[in-house]
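Undergrad: Following the hints, complete the assembly by docking chain B with the ligands onto the known chain A.
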Amino acid sequence: MSNRTVVVAGAGQAGSQAAASLRDEGFQGRIVLVGAERHAPYQRPPLSKGYLTGKVPPERLALRPPSFYDNIDVELRLGTPVTSIDVDARSVGLGSGDRLEYHDLVLALGARNRGLPIDGADLDGVLTLRSLADAEEVRRRLPAASSVVVIGGGFIGLEIAATAVGLGIATTVFEIAEQLMARVLSPGTASFLVEAHRRRGMRIDLGTSAATMTGTHGQVRAVWTLDGRSVPADLVLVGIGAVPNTEVAAEAGLLVDNGIVTDPHLRTSDPHVWAIGDCASFPCAYADGRQMRLESVQNAVAQARAVAAALAGRAEHFRAVPWFWSDQADLKIQIAGLPTGRDTVVMYGEAEQERFSAFCFAGDRLVGVESVNRPADHLAARRLLELGIPLRPVDLTRPGFDLRALASGRSAPVAPTS
Amino acid sequence: MPKVTFIRPNGETTVVDGADGTSIMQTAVSAGITEVVAECGGTLACATCHVYVHDGPIDALPEASGDEEEMLDFTACPREPTSRLSCQLPLSPQTDGLVVRVPPEQY
Ligand SMILES: Cc1cc2nc3c(=O)[nH]c(=O)nc-3n(C[C@H](O)[C@H](O)[C@H](O)COP(=O)(O)OP(=O)(O)OC[C@H]3O[C@@H](n4cnc5c(N)ncnc54)[C@H](O)[C@@H]3O)c2cc1C
Ligand code: FES
Numbered sequence: 016m017s018n019r020t021v022v023v024a025g026a027g028q029a030g031s032q033a034a035a036s037l038r039d040e041g042f043q044g045r046i047v048l049v050g051a052e053r054h055a056p057y058q059r060p061p062l063s064k065g066y067l068t069g070k071v072p073p074e075r076l077a078l079r080p081p082s083f084y085d086n087i088d089v090e091l092r093l094g095t096p097v098t099s100i101d102v103d104a105r106s107v108g109l110g111s112g113d114r115l116e117y118h119d120l121v122l123a124l125g126a127r128n129r130g131l132p133i134d135g136a137d138l139d140g141v142l143t144l145r146s147l148a149d150a151e152e153v154r155r156r157l158p159a160a161s162s163v164v165v166i167g168g169g170f171i172g173l174e175i176a177a178t179a180v181g182l183g184i185a186t187t188v189f190e191i192a193e194q195l196m197a198r199v200l201s202p203g204t205a206s207f208l209v210e211a212h213r214r215r216g217m218r219i220d221l222g223t224s225a226a227t228m229t230g231t232h233g234q235v236r237a238v239w240t241l242d243g244r245s246v247p248a249d250l251v252l253v254g255i256g257a258v259p260n261t262e263v264a265a266e267a268g269l270l271v272d273n274g275i276v277t278d279p280h281l282r283t284s285d286p287h288v289w290a291i292g293d294c295a296s297f298p299c300a301y302a303d304g305r306q307m308r309l310e311s312v313q314n315a316v317a318q319a320r321a322v323a324a325a326l327a328g329r330a331e332h333f334r335a336v337p338w339f340w341s342d343q344a345d346l347k348i349q350i351a352g353l354p355t356g357r358d359t360v361v362m363y364g365e366a367e368q369e370r371f372s373a374f375c376f377a378g379d380r381l382v383g384v385e386s387v388n389r390p391a392d393h394l395a396a397r398r399l400l401e402l403g404i405p406l407r408p409v410d411l412t413r414p415g416f417d418l419r420a421l422a423s424g425r426s427a428p429v430a431p432t433s
Numbered sequence: 023m024p025k026v027t028f029i030r031p032n033g034e035t036t037v038v039d040g041a042d043g044t045s046i047m048q049t050a051v052s053a054g055i056t057e058v059v060a061e062c063g064g065t066l067a068c069a070t071c072h073v074y075v076h077d078g079p080i081d082a083l084p085e086a087s088g089d090e091e092e093m094l095d096f097t098a099c100p101r102e103p104t105s106r107l108s109c110q111l112p113l114s115p116q117t118d119g120l121v122v123r124v125p126p127e128q129y
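Chains A and B, in that order, give the protein sequences.
Take the first sequence: its letter number 390 is residue 405 in this note's numbering, and every next letter is one higher.
Take the second sequence: its letter number 18 is residue 40 in this note's numbering, and every next letter is one higher.
Bound-form chain A, shown alone (with noise of 0.2 Å):
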């Protein structure tokens, strides 16, 4: 086997863990792994909050120091991306006009965000984050913004609007559904979030987007909304979802639907191709099997050690618990699970103290729980989901209910009831 080659095509969290993974599995064969961008492997998550403020440093973004590469004796090729894949000869060609033959590939893209097609989408500070170039963009003229308007309610798009409200910036997020992350969210932590955030100084319009910007010299100075008001902006940041990266699986002819489409190891309609992280595709066993896309370090992560295990030979359906978090300001927001079939949601903890956990059931079977600054109470959930302990919406409200000894084992999953 150490003769044969895998070629991983986007180094960020999913492609990094992948070629990582593969050592640590004892696959001794040559690694590539190949990067349209000139960075080595970093970290998103920071990018929308502490990097912005200065509190996390650009050094400490990387992923794995500089050398780890080489020790692990994995080749990186940075700043060139995979421009083409030949599924017959089982090879890619690169930016650099370079080809790489492989055996097998692992398609780790990511995802790029949308665009809003609207006039004045291209003035002058009108900005979207995702890379790291991005963040320095906005890092750059962050401090100097009087006005910053967010164009999306997404995790994202928060995150960046309490940075901005910390910095004391007034700050106005436009949504255009009537509740936040509603395809994500309960519509009780949704609410909370929106009035935690008012409370901080945070203006939230939700039902309305922008329309147009207009600006003087090429820069931006207002949005014009839907209904047609206008807020004063020298700072528009778009956060209105992400594309999965495709284009290039789509041309080889390999099956793309919103997502390079996999089985449930992660393998695409190509023997040899696969596919992780954010542009994947997958069977999800906590949405009842259907294909999604999950955005998550999480899911990248996860997805990555089981196909690195799978080109060890050790091929498992990938049933990890989806978990993702999400700080704003100083709220620590955690979910465990998918909303799949919600239709019973159990608060725990205090919402006043902004404290709290939201469960969620579909009949009798917990499919969710969503945290807001008890991150034990995430763990315990996530274990919950991943053994499988029962947990019904009634045993919530029992006096002397302990979540973390149901959890941690340290008590039977129903306590007796007198």
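What the hints contain is simulated information worked out from the structure, not anything from laboratory work.
Bear in mind the structure is a predicted one, so any value in this text is a computation, not a measurement.
Every residue gets a Cβ at the ideal spot worked out from N, C-alpha and C, and that includes glycine.
Be careful, since some hints might not be right.
[Stated by the list, open to error] Quick look at which bits of chain B chain A covers, simulated, 3 or more residues with Cβ under 8 Å:
(1) 63-71
(2) 93-101
[Said to hold, decoys possible] Here are the in silico distance ranges between beta carbons for each label pair:
(3) A:112 - B:127: 41 to 47 Å
(4) B:126 - A:158: 41 to 47 Å
(5) A:137 - B:100: 53 to 59 Å
(6) B:114 - A:234: 44 to 50 Å
(7) B:43 - A:94: 31 to 37 Å
(8) A:74 - B:115: 19 to 25 Å
(9) B:76 - A:118: 41 to 47 Å
(10) A:87 - B:100: 24 to 30 Å
(11) B:119 - A:401: 37 to 43 Å
(12) A:193 - B:129: 34 to 40 Å
(13) B:115 - A:358: 54 to 60 Å
TA: Just chain B with the ligands now, kept in the frame of chain A:
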């Protein structure tokens, strides 16, 4: 530069020169000690930076916060009295000479 000694799961020890104010987790990550996974990057969200504080000036470390204390119930390897989440342990001149043991599993 405060030194930290990591006893790795395979028994190997690695001594790292840390920087004041950075955490033991960051020190491990930048030294390539990959058994400290730190999936959340040090935001107290994951408990994959578990270590056992083994020896040295243990009293120079801050006490665990309520959240850390509760999260330690959910580390992948068994919790021991010396268990800590290393992203919560800042280095300082007083911590020089600390020895931590890294557990074999973080997931
Ligand atoms: C600002 C921001 C904040 C976030 N915060 C959180 C958070 O708090 N918690 C959380 O769980 N998740 C967060 N995420 C999501 C998380 O960072 C992503 O889900 C994760 O990075 C996905 O890993 P990936 O490897 O699939 O993609 P990426 O890390 O995006 O890596 C993909 C890489 O592939 C490269 N690439 C693209 N096309 C090609 C090509 N043709 N050839 C070669 N290379 C190519 C890209 O340039 C990129 O470097 C955040 C994301 C962003 C942008
Ligand atoms: S790094 Fe995640 S809790 Fe320490």
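Undergrad: Quick one: which hint numbers does this structure break? Sort them smallest to largest.
TA: none
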